[in-house]
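Once you have looked at the hints, place chain X on chain R.
There are 2 protein chains.
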Amino acid sequence: MPEPYDFRSPRLYVEANLGDGAAVPLEREQANYLLNVLRLGSGDSVLVFNGRDGEWLTRIEVAGKRNARLTIEKQTRPQSSGPDLHYLFAPLKRARLDYMVQKATEMGVARLQPVLTRHTVAERVNGERMRANVIEAAEQCGILRVPEVAAPERLDRVLAAWDAGRRLIFCDEGAPIADPVAALREIAPGPLAVLIGPEGGFAPEEREALIALPFVTRLAMGPRIMRADTAAVAALTLVNAVLGDWR
Amino acid sequence: MPEPYDFRSPRLYVEANLGDGAAVPLEREQANYLLNVLRLGSGDSVLVFNGRDGEWLTRIEVAGKRNARLTIEKQTRPQSSGPDLHYLFAPLKRARLDYMVQKATEMGVARLQPVLTRHTVAERVNGERMRANVIEAAEQCGILRVPEVAAPERLDRVLAAWDAGRRLIFCDEGAPIADPVAALREIAPGPLAVLIGPEGGFAPEEREALIALPFVTRLAMGPRIMRADTAAVAALTLVNAVLGDWR
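Going down the list, the protein sequences come from chains R and X.
Going by the numbering used here, the final residue of the first sequence carries number 247, and the count climbs one at a time with no gaps.
Going by the numbering used here, the final residue of the second sequence carries number 247, and the count climbs one at a time with no gaps.
Derived by calculation from the structure, the hints in this document are not laboratory data.
Quick reminder that beta carbons are idealized off the backbone N, C-alpha and C, glycines included.
Please note: incorrect hints may appear among the correct ones.
Okay, the calculated bits of chain X under chain R, using three or more residues with CB under 8 Å as the criterion [unchecked claim]:
| hint | segment |
| --- | --- |
| 1 | 41-53 |
| 2 | 138-147 |
| 3 | 167-180 |
| 4 | 227-240 |
Isolated chain R, as found in the complex (with noise of 0.2 Å):
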């Protein structure tokens, strides 16, 4: 259950150790931000993590016009985990890329592997971009766990490296229609992965090498075509419900 004041104070991610008597120092657009965007002085509270220590209130402690530091008042929420959850997606075009990558990151994966597909659209990602939107997410909906991003990878590599105890998820437009709950339910507890294919699908014979790894579940999700970005919601969602920390 979110937290009142996770809305009430900005939350800030931050690099620093956070603890007991500590300062936060604060890289110079984060005191623009913070001073001349939200209009915030010294005592004003801010609420920070940095994927390691959990969350902290902090005071503001002003030192110049794009100069300040956090000074930690008590922590509010001690780390955690998440579930250990890996996405892999086929890069899309810009804005559409940023959504999914927020998305992923509400929706609580540890980690982000963008794939690459004889149909992938967008053949260059841009890691800084993902990082930011990942931040920018975890800053907003109150995530302590900051997903790693990964570099993009060919998928027919990353399923050669596959560790076979890692069930992956493969979200199957061309499967029958048939209970996802029950597909997923199927599943022994584990680590766990969802694989979202490109915009145009996966190729035929990507997709048959798909089906035929031990490792792998077909998930069907209806009978409407949905676009990328909204198929990842959709299965991280049902992932979380059925195999998940939403129960």
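Only chain X this time, still in chain R's reference frame:
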């Protein structure tokens, strides 16, 4: 399962009745889109639907630079109704509202009802723009039934006039974590609606009033805060998967 030609041929929503031997007049913008944007010409195939008569394969008959009609070849899919599922939502700011409306359409809802709450950010709602987003999503995602877009209404008025035979699934950020699949399985078959609140959440008194209503089922969606447009896809996914046409 999506038909492959949904991706190959352009797909257009038209107002005209569709049937054997019928010809479909095109608006100037539609003709311009097919002829000058997609660079199609006489004899090229276009899929059309009107929300009533199913989907039909047609051929372009060019009559001028921005003037063309479509001649019907054959029906590719009969009309289908989709779930009796209404979607109630507090309007968001422009870009996110566009996105939410597109997503709800992809999820197959029958009716979109904007509701104004205490914390609703965007009081002015552009119905034309919502309708355009609905049609764009229906065209792109192979939807046959175009959802109705209702005029915005105050939440209390909508609830006062509610048909108690339609179960209202209230996505309650304040609900304790509880298995959402189990909660939905308790709902008897029948008409459904999903309600997503504004970005700031419902006012306490609004929330109390909702929970007290006999036709309301509270739905908890896990430990993480989701933005309203993410919660929309998540809730509609669970409803489709547990009670709808994904089984």
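Earlier hints that do not hold, by number: 1
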